[in-house]
Amino acid sequence: MFWKLLSLFLITTVCTLFITDYFIRKFKSRGYTVLDMYKRPKRKVANMGGLAIICGLMIALVFCQIFVDEINLMKLLVFYFVVLLFGIFGLVDDLIVLGRKIKIFAPYFMALPIALLNVDTNVSLILVTIELGLVFSYLIAPIYVMVTSNLINMHSGFNGLASGLSLILLGFIGGKMIIRGQIDALFYIVPIFAATLAFYWFEKYESKIFWGNTGSLMLGAAIGGSLVLFDMETFGVIILLPHIINFIMWVYWCFRMKKHPHVKFAAVRKDGTIDPPNGLTIKYLVTKMFKMNEQHATWVCYGVTMVFGVLGLTLF
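Each residue of the sequence shown is one higher than the one before, starting from 1 at the first, in the working numbering.
These are calculated hints, taken from the structure and not from any lab test. Among the hints, a few may not be true.
[As the list claims (entries may be wrong)] With beta-carbon atoms standing in for the labels, derived distance ranges: (1) V237 - Y302: 15 to 21 Å; (2) D69 - N278: 52 to 58 Å; (3) R180 - K288: 38 to 44 Å; (4) L311 - K26: 20 to 26 Å; (5) I130 - V34: 40 to 46 Å; (6) L311 - R269: 21 to 27 Å; (7) Q65 - K204: 28 to 34 Å; (8) E206 - K288: 18 to 24 Å; (9) L313 - F18: 44 to 50 Å; (10) F290 - I248: 18 to 24 Å.
Small disclaimer: the values here were computed from a predicted structure and weren't measured. We put the beta carbon where it would ideally sit given N, CA and C, even for glycine.
Please work from the sequences and hints to get the whole structure.
Below you can see the structure in the form of structure tokens.
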């Protein structure tokens, strides 16, 4: 099993590296670019790079179908059907900018197939375990995936921030699987981890490509889906606390719009440090408390998530 996992990791990583490099050149030549807002001067960067991760996942799934017999392949395919569905939804949003109502309701229905995979309908809290049956399968599980996807999408904006945080979260989920002895479960997260790791090489500071909503929604679905599938919902809440806090701060910002009007991008000082409009998201709070540039603020966000990842492993 170890050699299959290693082969799956290497093949997915190498293929995604080449695919991403190709897409960078192709997207730039076709004009699929956006401005990198936190550089002086601003520069154009290829966008919709999450499509490279989708291609890497397709290659990984072909490998699994041919060589992997340690797990139920139908469950694996259903799991990645949900993940890829979120990726395609994000790609469409990147291309035509979907309306708010569609973004609110469509993800729930895209996450519904997760109910087909969910065997354990118990929710394990700190002191008690609650059996929720179909309510969990068809309501709580899809909503959990949907919410996680949006949390990942919202805690972003700096070079490599969302992709790096996603790698950290997937790493802690994989660590939890190993601690539990669920080695075969790694086949579910190795493909998405490997593809994202390869993509991160190009999206880290200074980014050559952004993954757009394509990547963030897809990774959020993979993280949320794996937490639900392997009965790690409470553990997931702990490791996602920075993302949850970021969302709560954003909601507070929405209620304070008159005093703090919405500003999508912060300003950049002459020395390259970030001048945030307020401290009402984590990335803005970090740069408001400490004078730092985009790269250093991203590292701080990584560190915060790592702390909660260790806390999650310790408590659960």
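Each hint tested on the structure:
1. V237 - Y302: 15 to 21 Å: For V237 and Y302 the Cβ distance comes to about 19 Å; the hint holds.
2. D69 - N278: 52 to 58 Å: Holds: the Cβ-Cβ distance is about 54 Å, inside 52 to 58 Å.
3. R180 - K288: 38 to 44 Å: holds (40 Å)
4. L311 - K26: 20 to 26 Å: Violated, since L311 and K26 (Cβ atoms, about 42 Å apart) do not stay within the stated range.
5. I130 - V34: 40 to 46 Å: holds (45 Å)
6. L311 - R269: 21 to 27 Å: violated (34 Å)
7. Q65 - K204: 28 to 34 Å: Taking Cβ atoms as reference, Q65 and K204 lie about 31 Å apart, which means the hint holds.
8. E206 - K288: 18 to 24 Å: Given range 18 to 24 Å: holds, Cβ gap about 23 Å.
9. L313 - F18: 44 to 50 Å: Given about 34 Å between the Cβ atoms, the range is violated.
10. F290 - I248: 18 to 24 Å: holds (21 Å)
Hints 4, 6 and 9 from the list above are not met by this structure, while the remaining hints are.
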